[in-house]
Each structure stands twice: as structure tokens, then as C-alpha cells.
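Asks: Listed below are the residues making up each chain.
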Amino acid sequence: MLVYTMRRILGALPVLVLASILTFVMIDVTGDPLADIRMAQPPPTEEVLQQAEERLYLDRSMPERYWLWVTGIGGNGDIGLLQGEFGPSTQGPHYDIGAAIAERLWTTLRLVGAAMIFALGLAIITGVVSALRQYSKLDYTLTFVGFLALALPTFWFAGIMQAAGVKFNQLVGDQVFATIGDGRFRAEGAPLWDQFLNAFAHMALPTIVLMLISFASWSRYQRTSMLEVMNSDYVRLARAKGLRNHTVIRRHALRTALIPLTTVVAIGVAGVIDGAILTEVVFQWRGLGDFFITAVDNNDSFALMGWLLLSGTIVILANLVADLLYAVLDPRIRYE
Amino acid sequence: MSENGMSKSARRDPAKKRKKSSADQTQLQTILIRFTRHRPAMISLVLLGIIALFAFVGPFFWTWDHTVYREIPSNQPPSGVHPLGTSAAGHDVLGQLMRGAQQTLKVAFTVSLLSTAVGSVWGATAGYYGGRVDAFMMRVVDIFLIVPLLVAAAAIAGNSGAGTSWSAIALIISIFSWATIARVVRGVVLSLREQEFVEAARASGASAPWIILRHLLPNAAGPIIVAATLLVAVAILAEAGMSFLGLGIQLPDISLGQMIGSARTAVSTRPWLFYPPGVLLVLICLTINFIGDGLRDALDPRQTRVRR
Amino acid sequence: MTTEYENKEHTAVADTDDVVLEVSDLSVTFPSDDGPLPAVRQVSYKVRRGEALGIVGESGSGKSVTSMAIMGLLPRNARVEGSARLLGQEIIGLNDKQISEVRGQRIAMIFQDPLTSLNPVYTIGYQIAEAVLAHRKVGKKVAMARALELLEIVGIPSPEQRLRQYPHELSGGMRQRVVIAIAMANDPDVIIADEPTTALDVTVQAQVLDALQRAREETGAALVLITHDLGVVAGQVDRVGVMYAGRIVEMGSVEEVFYRPRMPYALGLLGSLPRLDGDRGDRLTPILGAPPSLRDLPGGCGFAPRCPMARERCHEEEPRLLLIENGPQEGEATAHTAACHFSEELVDAEASDLFRSTSVDTEGLGSVAEMEAAEAHVAEAREGYLGELGAEADREVAAKAEPEVLLTATDLVKHFPIRSKGLMRRRVGEVQAVSGISLDLRERETLALVGESGCGKSTTARLLLNLIKLTSGEVSYMGQPLQDLSDRRMRPLRKDLQLVFQDPFASLDPRMTVSDIIAEPMRIHGSGHRDARKRVSELLELVGLNPEHGSRYPHEFSGGQRQRIGVARALSLNPRVLVLDEPVSALDVSIQAGVINLLEDLQDELGLSYLFVSHDLSVVKHIADRVAVMYLGKMVETATTDQLFSAPAHPYTQALISAIPLPDPVKERTRERITVTGDIPSPANPPSGCRFRTRCPKFANELSDAERARCVEEPPELKDRGTGHRDACHYSKAIELI
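Protein sequence lines correspond, in order, to chains A, B and C. Read left to right, the first sequence gives residues 0 to 335 (numbering that gives the first Met the number 0). Read left to right, the second sequence gives residues 0 to 307 (numbering that gives the first Met the number 0). Read left to right, the third sequence gives residues 0 to 737 (numbering that gives the first Met the number 0).
Same shape as in the complex, but just chain A:
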């Protein structure tokens, strides 16, 4: 198992390296970090431009810049991923990209994590129920709900939920749902119960919005996988042994039908991150979504690269975890 883990980690490294090259090249080629300075009125002097170029390492060739971005060797100490530096920002010499990301990462991960856990739970339940009641009214209804969820634009649904939250608060006459902000600062130092209430108020609506996207596809997947297993010979044998129906479903069908879901969930992480950005923007959270928008607005290439690489790394890590989980769940892989 240890060997397997090591092999998987080694296997993930080249993907990470290639991903860093891809993000770097794409952002570097398409963007002009000096665009804002150039457009400024009055027009900047040659000297100012040159200074900015030097500070942002734009005076070097692209391969050099990539090398610098990764290693930081030959830089001014503000660049080099391996040294924990994400590079200089267009948003001023004092703007630390790494620190900004670190500050917001938790906010976003909290949302992503909560949404994924709820989506997964709901997807498994509905998927299994759909499969067990194949072609029933319930199955058709759940199928339709799934299709609808797949077709809902996150941000539109977020807008509706936000409006609904406001309506609900008015009706109840109390601030049950906080519809704006992530509520991080308001609760600091408060008693534990208040902290929890505050977190719930802020997180409930965004979580519902975000879980909907992944829920739909995972539920469909779980249904298919469950149907396949229910028709398998070993489920028939389990019945033939004299096990009760619920035992067969829980012990033999569900246990095996869950295995392929791990991979699907891992691949779905990328989609959840996409959704999280949109959700955060609608609910005006100060998370990575907001960071991203600001970076784009400021043509902040290094911030964007850092952001993309980070999300790529999260997805790769998720896949790694899924692979390992798969091996734990499925003895056929474990002993390979």
C-alpha cells in the first residue's frame, strides 16, 4: 500500500509540472500586466514603465521568467514558488499574493468542502433510491430534478436564493439567513454557539446553491452504478444465500457501487471550484472568487497564475486522495 501511495504521488508530479507550464504560458502570453499603467492619464514616462517592467520581471524572456517563477533563483526575493513566493503584483509593491491567497483559501475551502459533503450525501441517497425504484414515479421525478439542476446556471440560482433569503428574513422578522458576506469577522471571539449560528446563517444559502451542480451528476452516476451492481451475479448469490433484501443492498450492492463514485467526485472538484467563484461573487464573500476578479481587473498575471496553479493542485490532490481511497475500498487495486 505504501509503495502504491508513493507510485501515485510520483505519478502526479509530472502532471503538476505540466500544469504549471500550461497556466504560466497561457496567462503570460495573453496578458499585459502594464496595460493599466500605459492607459493612465497623463501618459507615463519611459522611466516609470521601465521600472514597472523590471519590478514585474517583464524585461526577461518567457522561459527565464517561468524558471524564475518556479524557483525564484535570480529574483528579488519576491518570486519563486518553491520558496513560497508567488511573484510581484500589479496591485502595488506591498501586495503579497501568497498572503492574500492564504487569507482567503480557508473561506473558499470551507464552502467547497461543505457543498461537496452535502452533495455527496444527497447524491448517494437519491441515486440509490432511484436505482431501487427504477422506472417508478419517484425515479422519474428525481431524474427530472437532476436534469433541472444540471441546467441551472449557478449564479442565477444564487440570485434567486439570495432574494428568497431576504424575503424569508422579512417574513420571519429575524436575520435567519445572512445574504451578504462570509461573516468571518463578525463572529471572531464570540461564544461557540454564536459562532456556529453565524456560520450557519452565512453558509446555508451558498452551500445549497453550490451543492446543486455536483449533486445532479453524482446522483445520476450513483444510480447507474447501483443498477449495474444490483444486476450483478454476486448480488444474486447474496440473495441466494438467504440474506434479507436490506442486508444485500447495504452490504453487497451499496458497498461496491460506491467505489467508482470516488473517481467521479475527484474529477468533479474542478467544477465545484468554478461554481464556488460564482457563488462567492453573488453572496459577496471575500474568498478566492473575489481575489480572482480583482486579479483579472488589475491584469495581475502572477496572481492569476498562482490562483490557477493552486486550483489545479487542489484537483490533483483530490484525485490522489480518490486513487488511494479507491485502493482501500477495492482489493483488486490494492494488490496490483
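Note that these hints are calculated values from the structure, not bench results. On a predicted model such as this, the values are computed, not experimentally measured, just so you know. There's no promise every hint is true.
Claimed, not checked - Have a look at the derived ranges for each label pair, beta carbon to beta carbon:
#1 Lys96/C to Asp193/A: 48 to 54 Å
#2 Glu382/C to Ser206/B: 35 to 41 Å
#3 Arg6/A to Glu89/C: 56 to 62 Å
C-beta atoms are modelled at their ideal positions from N, C-alpha and C, and glycine is treated no differently.
Based on these hints, arrange chains B and C on the given structure of chain A.
Replies: Showing chains B and C alone in chain A's frame:
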């Protein structure tokens, strides 16, 4: 040809007669029949057709287009003159909706075609050659799959400022979505090339291009078509998300996502700005997903019954 | 060992004459878009305590559905009518709780495919113990101890270790024995075995059947054995029921049904079977037509459309399953019943009296008269075809002299690398699929390459055609070495060397019409569209199909018809050598016979040479001139068919022949057997010296230690024992087995 009794038997035996009639159908007809029996898919097809007419033909019959007119009063709720009301800047919302749907559909179908073309070739090559070529090519695909589609596309579009034209948006989304198609095609080709009929062609001396063109691609057509259809829906949501963030199609041009984005703060005050583009977006995606589902049922040879 | 189990309703048995399972008027209907499908119709039978009942039938006859219905394992949408009483208790229509108490406890089941029958995520021990715990209030320790005991009974080596292993770590044969262990866990009264050995190699089949016998002895359970294999039935059961189109059409003791069948279908089935105890010269008699579609069953007797003696009455009135006249009477355990209006006419009838040994495709035909017309037509077409051929190549003349050697292989070696899964794909080992095979194929002869799965016979066939690159050795066709030829240089030679595949479903491109499929080789070799068209209809006629069907797609044809299409494609380039890779093993016996007849006719008429790859020794005995037996990539014995079957010398060949069940109850039960133990070792890590020694009965039982040392150290050479009979055993001795 002498009388051999075979065709005669076909006429007499009812079982054989059925077989004969099914023999007269081409495969395409069989697929079409199976598709038409999938009711949600058929309804969706009709609905999508209507939406397409609305988006592409509608503007010719409607007084206002998507641009600002001085004679349009701002922030009017729906009325006889402006059935869907007007915006703050002085747009007719119905005119905007037509243009928005048009742009959205153009982007989505372009993405699907482009991604499918690139992805099929890439996936088929990887699958056919296998081994190290396959391992390397699929690693590249992995990289494109791990970057979140919407964010990456938005980053590039926003960064380069190329986001104003629908074709540029389509190109950027395609860069991050061809990989899904490549993965599907590669999987199909990988299993197809182990099939005995491919070996039979090789045993007769067929070359690699002959096998890919005459056996592998025609047999992979089903999954490719389904994946391409579902990609349309993905592309629509990606474009809408980008435009919503203000990083996609920009004013004075319009897209559905952008309409929602600019009406974001007006959900309860001016709902006529917020709901119509959203509902239209949902309808487009929903119909396309159902069509994809119907196609999957119709094209999958293992599928024996079509229910629902 | 015996285990006590509670048997509350045991008293109910007394008045039912020791019957443990009584099925009466059981019918199963499946709903479908095209109307209801009656899969099983009014099936009735009784099984007595300790008795073995066989149910035989071809695919789609309803034999498996019947047993699934009894077990209550059918999908919810199936409609089950009638009754099945187990020890007097009705078990059809029980709720989940009630049926759970019966399943596994009173009635157990064994399924066809051992590779999918066990849950991949639980250990063997857990899965057996689970069966014990489902019915007994004992601790996990006790259940595990019972599991261990059961593994010993079914003959699994080192059982303690197996308990902790997962299914994928066991071979198919072992897994099936685990399933048998699960079935006998609670000493049931009835065990239903649904094609328990179909997915296994013959030598493993013999072991699993032994395990099944032991399970019966141990538990005293009655056995219902469902199979398509008449040989297995002949050896294993007391009584047999023959199913056709959802009904039992004949039932009686095995001797009665095998020696005195009274239903034309049973007679036809026996006649269409190639037999190990038959002669090369015997022609097989396929049954006309194909089994009816369940959707529109014929009005009268289900078999009437295919029956050579069908009359007006047969088409109008469905015959009931009645006691035959002058046979053993009701009450006796050997009562013989048949569902035929004219069963008395079948007294002393032979299959060849009734059925014709035709080679045309009979599946599309409706009556005997049509078949005669089709046969005459095909004969005419073939004559015309041969006339044309004669003008091109004068093969008849060449045949008169000493037969020319066409294809020669010398020391063929093929190793497949095992690669790691990462990006680097490092080579981590190799599978020695073929390790030094030499053979030659002469003009107009059939050389059979036989062996069990994994012996390298299919790889050898592909090496001979230069479809895969060999690791070392040499292949030459008419003196020209093939192994170094480029694809382009090889192409003209491919005209002469063609291949027919095993799987009639996978070997035809589903997106092409039959005409296009057959024409493809000609198009590759640059034939014009019109020439190809013309030849396609000639070829369709040649293989006994209706040439008008060329515009259809493969899925519109049955398995046998598709295999004919595959043959037509292989013949389209007018080859001299056909490599046939298990060409009939996927077909039902009654269909298989027609394809075998076709291959024989084509060889005679076109002067073809066949390399016939097969695991089925009965078919090989029927069709081959010479036989080469392979084991783990090596050739262990080669001789003419007569020599090999009358006096096999290598212990493996002897075991292989012993393991083939004969469709003759008396012969099958009295014959001498050489049996092997264990499974085939992995070709990635073959045993040293003689590769067969790990399973060799001679090595295990007869040899001294000194003699054994030689087997371990020195790989035996293939040596001539006179008159061309060669074997690769240090201590070979020919014996007579049939």
C-alpha cells in the same frame, strides 16, 4: 437468379416477415425511430427549435434590437410596447433576450464543433497507437481537465481583453473543453481496436488510416455525438458564467449571462430584468441535456428498450 | 461431517413420497415493449430426495429462468405463475423475510460464471461465513471454522490461507468451488446448479463436477443440474428433462432419453453433436431452422416448424407431455414422458433417418421442402463458382502429387511484456505465451491446435499469419519467410492466408452491411466496386446464405449465420489457408453442426487447408486430420487424429481426453479416467523442466523421486515414437481411453 424458395419462406412465416421488414430499415432509420420514441427528447427538440427561431429569426420581426434607444424609457415594467419591460440604460429586454440567446447558442455550438473536431482526432490517435504515445497524450488531456474550465477561460478572456467577440469566447472555452471529448473518444477507440472485426481488417491487409476511417470512427460516432451534445450545455453555462463575471461578451453586445449579471442587484426590485434570461438559459440547457439523453438511448446498441 | 439444522416443516414430507421439490405448471412472463414474452410455460417436475435431475436445452429455452423463478430471483417485473413446493411448502410468492429463510437453508444455487459470482470486495472466508450466519445463530469464529471445513470438502488446497484471500486472487475453478461451498453451507435439501462448468476449461470442469458430487454426498441434497452440455448430463444425473421454447418437451431417465428419445428435438440434438466416440466420417445432422422467437410462438407444437415429421396436427394443437406407450410407467422413478403427437413413430429411429446432414444455412428456412430447394440451389451455385475458379488456378491437379507443405513454423517464440502502469511503462516481466512451437500445414489438410485457455494456441495462430510480431523463430509460407516482411510486402500474401474468428458478434463491424463486410478484403486489394458486388452474392451462396440478404446489417442475423458471413469474408480473396480460431465454440450445438458441415464441404470443394484452433476435442476429432496439443506455450503431443485419440501418450493429452464428457450415459459412467489436479500455472512464471509436472498425475502418483528430478530439471523434447506420433514426456506411454 433461380427460384430458391428463400424469399418465399419469408413471406409465409410471420417471424421471418418481421425480420424482413426490419431489414428494410437502414441503421439510421432505426436510430431515428428509437430517438422519436424518447418523448422528453422529442419535446426538447421541438422546444429548442422554437428557441432557435426566436433567437435567429425573431430579431427580423421585432421593432427593437439589443442596443440602447433614446426613445425607450428606462426601468419600465412589462407593457404592450415592451412586453418584457426595459432596462435602466434604455434597452428593450425582449430585443436583448433575442440577441443574447443568439450569441449564447452561437458560442455553444461553435465550442462543441471545435472541441469535438480536435478532441476526436487527439483521442482516436492516442487510443489507436496506445502504449507510450497514449500515456503521454492522455497526460496532456489530464492537465486540461484539472484546470477549472470556467475560471481558466475567464482568466484568459479577462486577461487578454479578447472577450468582446463571441468567436474569441468560443475559442477560449474550446481550449479547456476539448479534453473531455478526447477522453471519451480514446476510451471508445481503445476498446474498439481490440475487437475482432478490426483484426479481421488487419488480417486482410488493411492500413492504419483505412482502419481508423472505416472502422474505428464510424463505430465511435455514437458516443462522440452524445458527448458533443452534452458539451453544448456545458459550454452554455461556461459562457454564461464568464459573461456574468463581466469577463465574457461585453457591452454593447449582449449575452444571457451578462443580462443576469447586470440585473443581479435588481432581483426583487426589477424582476423582469432578472428572470427572463435565466429561464431561457435553463430551458436551453435542459432541452439539450434531454436531447443528449435521447441520443444516448438511440445510439447505444446495448440499449434494448426505450422507456421513460 | 454433518450439521444439525432446524427443520420445522419436516413432517409435511411424509405424504409426498420423498419428493423434496415439486414444480407444477410454472410459467414466467416478462413484459416488453413488443408485448409479453412467455419465457417459461407450464413447467412441471418433481425431484426426490438425493436425486439428480438434469435440465438441458439451448440458449433461450427457459431453463435458467425456471430455476431463477423457483429461487425468487427474477426481476420484479417478471410475472410468475404456478407453484413450486419445497418439502411441501409453497415458495412462489413468498415475501422477502419468508423466502430468505428458505434460500440458502433449504435450497441453494450455483451460478454460471464464477468470475462474477463472488463479491470482489470481501474475502472468501467472509462470504462463506456470511452464508452460515444468515441461517444460524452462531458466533463469527464458529462460522469461520465451518467455512474452513467447507473449503476442505470442496477440495481447495491450503484452505486456511484462502479464507483470507479475495476472489480475484483465485482461479475460476477455485472460485466455482467456493460458490459450491457456499451452496452447501447449511446442508440444503436441493441444490440448483445453473451451467456450473460452462465457463471453465475441461480439466477444471472435471474437478468442479467432482466437488459438486462431494457436496451432494456430504449434504444429501437433491441436485437440479441445468446445462446445455449433453455429455455433462449423461455423466452426472439420474433423470433428465429437455426444454424447448419454454416447455419441457421430454423427460425420463438419462438412459431412456439418450438411447430411446421419443421427441424429434431430443433426437435431433443428439444427432447434431460431434462425438468423441464417433468417427471422422460421420456427417452431423443439424436441426432445421432456429428456435422460435418467444414473441410469436407458433400455434401448435413449438418445434413443428423445424420438425421433419411435422404434420397438420402439429401446427394446430400443442402436444401435452404424456407418458410414452410401452415405456416405464408412472410411479416408477424412471417414467418417460414426451410432448409429441407422433412419439410412437420414433421407436428405434436414428437422427440420420429424420434429419439431413446439410451444410446450407437452415435458420432462415421454414420447411424441409424449402431446405431441399435451397440445397439444390447452393449445389448449383457452387458448381458455377468452382467452374470459374478452375479457370484461374488449377488446384485439383496439384493435389494429386504428394501434398505440398504450405505453412511452416520453426521454434516460434512470443513473449508479451508486462508493463507498469505509469508514464514510463517500465517492463516488469513477460508472459511467455508461446515458447518454441514448430509445425507445418500441408495442402488440403486440417491441422487442429488444441489446448485449454492460456496455452498459447490463439497467439500461435496469429503468429502464423504474421498479425503480431514474433519474439524469435521463423514462419514461412511456401518457402518465403514472413516474419521480416513489411506490411506492404505482406499484403499480397494475405490473400492466401485468411482468418475466421470465434465471436460471431464481435468479428463483424456492426456499422457495415454484410455486402460491405464481405467485399472489404477485395476492396483493400484493389477490386472494383462492381466485381466485388458480383462476388459477394456468389460467396453468400457458397456459404449457404440467401444472396439477397447482402444489404442487411450483422445484427439482423443469428450467431450461426454471422459465422457463415465471417467464412464468406475469409473466402473472398480466394485463400489457400484458413486459420479458424474456435469457429464454432460460441454456437449452440444444433447450429454448430451446420457450420461444421459447411467447413468440411468447402475444404473438399475448394481444396483449402485449415488450421483449426479449438479447445473442444469432440469437434477436433470430427474435423481434423492431424492434431497438435499445446500446454502453457509448448507443444506436448502431435499425431494424426486416429493415433492421438486411440492411443494418447502424453499424460496431459490423456487427461484432456478423459475430461471430455461423452453424451452416452453408460460409456460416460464406466470409462477409465486420467484426472489432473490444480489449475494451469501462470504463463508469466511457468514451472521449470516439464511445464505440466505441477499437475501431472504420472508425476504425482507413479514416478520415483529420481525420475521426478528429471521432470523438474530437464524440459522434455518433442520426440517421435514412430509413425509420426510425437510427444514431449520423459516417461510417456500410450494408453487407450475411448
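Asks: Run every hint past the structure and note whether it holds.
Replies: Here's how the hints hold up against the structure:
1. Lys96/C to Asp193/A: 48 to 54 Å: Once the Cβ atoms are compared, 50 Å apart, the range 48 to 54 Å for Asp193/A and Lys96/C holds.
2. Glu382/C to Ser206/B: 35 to 41 Å: Check passed, 37 Å falls within 35 to 41 Å.
3. Arg6/A to Glu89/C: 56 to 62 Å: 57 Å, holds
The structure agrees with every numbered hint stated previously.
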